[in-house]
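**Student:** If you read the sequences in order, they're chains A and B.
Quick note on the working numbering: the first sequence kicks off at 204 and runs consecutively.
Quick note on the working numbering: the second sequence kicks off at 204 and runs consecutively.
Note that these hints are calculated values from the structure, not bench results.
Watch out, some of these pointers could steer you wrong.
Because identical chains cannot be distinguished in the list, a pair is counted as satisfied if it fits within a single copy or across any two copies.
Said to hold, decoys possible - Listed next, the in silico EDC-like pairs over lysine to aspartate or glutamate satisfying Cα-Cα at most 16 Å (straight line): (1) Lys331 - Asp293; (2) Lys219 - Asp372; (3) Lys348 - Glu332; (4) Lys340 - Glu209; (5) Lys219 - Glu371; (6) Lys304 - Glu344; (7) Lys280 - Glu296.
None of the values given here were measured: they were computed from a predicted structure.
2 protein chains.
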Amino acid sequence: MHITREEIEAFPHLYKINLMNSISGYKSANLIGTKSNTGTTNVAVFSSVVHYGSNPPILGFVVRPTTVVRNTYNNIKETGSYTINAISKDIIEEAHHTSAKYSAEISEFDKTNLTPEYKNNFYAPFVKESPLQLGMKYLEEYYIKANDTILVLGEVVDLYIEETMLSEDGFLNLSKENIAAINGLDSYVVGNDFKRLSYQRPK
Amino acid sequence: MHITREEIEAFPHLYKINLMNSISGYKSANLIGTKSNTGTTNVAVFSSVVHYGSNPPILGFVVRPTTVVRNTYNNIKETGSYTINAISKDIIEEAHHTSAKYSAEISEFDKTNLTPEYKNNFYAPFVKESPLQLGMKYLEEYYIKANDTILVLGEVVDLYIEETMLSEDGFLNLSKENIAAINGLDSYVVGNDFKRLSYQRPK
Chain A
204 MHITREEIEA
214 FPHLYKINLM
224 NSISGYKSAN
234 LIGTKSNTGT
244 TNVAVFSSVV
254 HYGSNPPILG
264 FVVRPTTVVR
274 NTYNNIKETG
284 SYTINAISKD
294 IIEEAHHTSA
304 KYSAEISEFD
314 KTNLTPEYKN
324 NFYAPFVKES
334 PLQLGMKYLE
344 EYYIKANDTI
354 LVLGEVVDLY
364 IEETMLSEDG
374 FLNLSKENIA
384 AINGLDSYVV
394 GNDFKRLSYQ
404 RPK
Chain B
204 MHITREEIEA
214 FPHLYKINLM
224 NSISGYKSAN
234 LIGTKSNTGT
244 TNVAVFSSVV
254 HYGSNPPILG
264 FVVRPTTVVR
274 NTYNNIKETG
284 SYTINAISKD
294 IIEEAHHTSA
304 KYSAEISEFD
314 KTNLTPEYKN
324 NFYAPFVKES
334 PLQLGMKYLE
344 EYYIKANDTI
354 LVLGEVVDLY
364 IEETMLSEDG
374 FLNLSKENIA
384 AINGLDSYVV
394 GNDFKRLSYQ
404 RPK
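Throw the hints in and build the complete structure from the sequences for me.
**Tutor:** Below, the structure written as structure tokens:
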């Protein structure tokens, strides 16, 4: 089935965003935790967290300044501190609810069963229920001219993991803690049909 | 288990890249197809394709200029044309083999069972075996100072999908065509435990 750019443009809004959010393949499922300078916490689901490098360890994610996740962005810019917390099967519904448009003075931690957790004097709250928690420090950002979004880059400063996932060679088997992936805007998938391949050389 | 930044830095290279490539959660599994001005094709696996926007439809991916995927980047800069092709269960091994470091004059299409497919006068080759193929046009790029990588943004100009995946509201159910996600550097997961949630409003 062939869908042209003109047909994409002509789709109704909801149809278009469902389709366009599905075509990149599976997306990471994470909660980003922050706290404003005045102490209001915020936690929000993100599907755009992506690896930029291992040495130094850098992750990026995308924010659209005009949406609810602006709270996350503002807190990061104020404090330099945020957490990235993997969404596991047990907290999918709670995590997804953080996409509701709450105003800045309301903490999603108060509106869900997600629990803020503070460790080792890190400023931003971790999500206690998450099996894979990252303490992040803001590095730099890029304004994306093409569609008025911002790529935020940060470096990993602390890593908390359930040891069940950790292999001898550093690989984390995400399925051991039922970590989810996101399909489209609103679907969560927990993988189990697992295949690990070897380093490839020319043949 | 707590791992500090200092411990991350001190890990052996392979351990560090396995761990740092696992912590962002599941990644999209795509093959990017290109063709140079002189007609040499290239196809390479990427795990960094991510949604930037629906209106206009924009996807981004990350290249590290010093690695093998430089061929992909050079071809895109030369021609403005590339394809993004989802990796399904049947072609995981072939797709993963494209990560081997072939020189620019060798086409990975000749070294795997992946088949180049040309449609509707689009310059870059699609991967015939993929159930979800995107024709992409280069838009702009951002040099990432933090670790010498490049974010490449492109817009979707053509979309080819197996209709089995398409829902009434535009959502594509990736599991219907056994599309894979990537965990870490070298693990491919096919999801099936599927849960779709509703649009969330404040409660």
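**Student:** Determine for every hint whether it applies to the structure shown.
**Tutor:** Now the hints, each set against the structure:
1. In this homomeric assembly, Lys331 and Asp293 come within 16 Å of each other (Cα to Cα) only inside a single copy, at 12 Å, whereas the closest approach across copies is 38 Å.
2. When the C-alpha separation of Lys219 and Asp372 is checked against a cutoff of 16 Å, the pair qualifies only between copies, where the shortest distance is 9 Å, while the shortest distance within a copy is 42 Å.
3. In this assembly of identical chains, Lys348 and Glu332 lie within 16 Å of each other by CA distance neither inside one copy nor across copies; the values are 37 Å within and 34 Å between.
4. In this homomeric assembly, Lys340 and Glu209 come within 16 Å of each other (Cα to Cα) only across copies, at 14 Å, whereas the closest approach inside a single copy is 41 Å.
5. Taking the shortest Cα distances, Lys219 and Glu371 sit within 16 Å of each other only across copies (11 Å), while inside one copy they are farther apart (44 Å).
6. With identical chains, the CA atoms of Lys304 and Glu344 are never at most 16 Å apart, being 24 Å at best within one copy and 31 Å at best between copies.
7. For a Cα distance limit of 16 Å, the shortest separation of Lys280 from Glu296 qualifies neither inside one copy, at 28 Å, nor across copies, at 42 Å.
Checked against the numbered hints listed earlier, the structure breaks hints 3, 6, 7; every other hint is satisfied.
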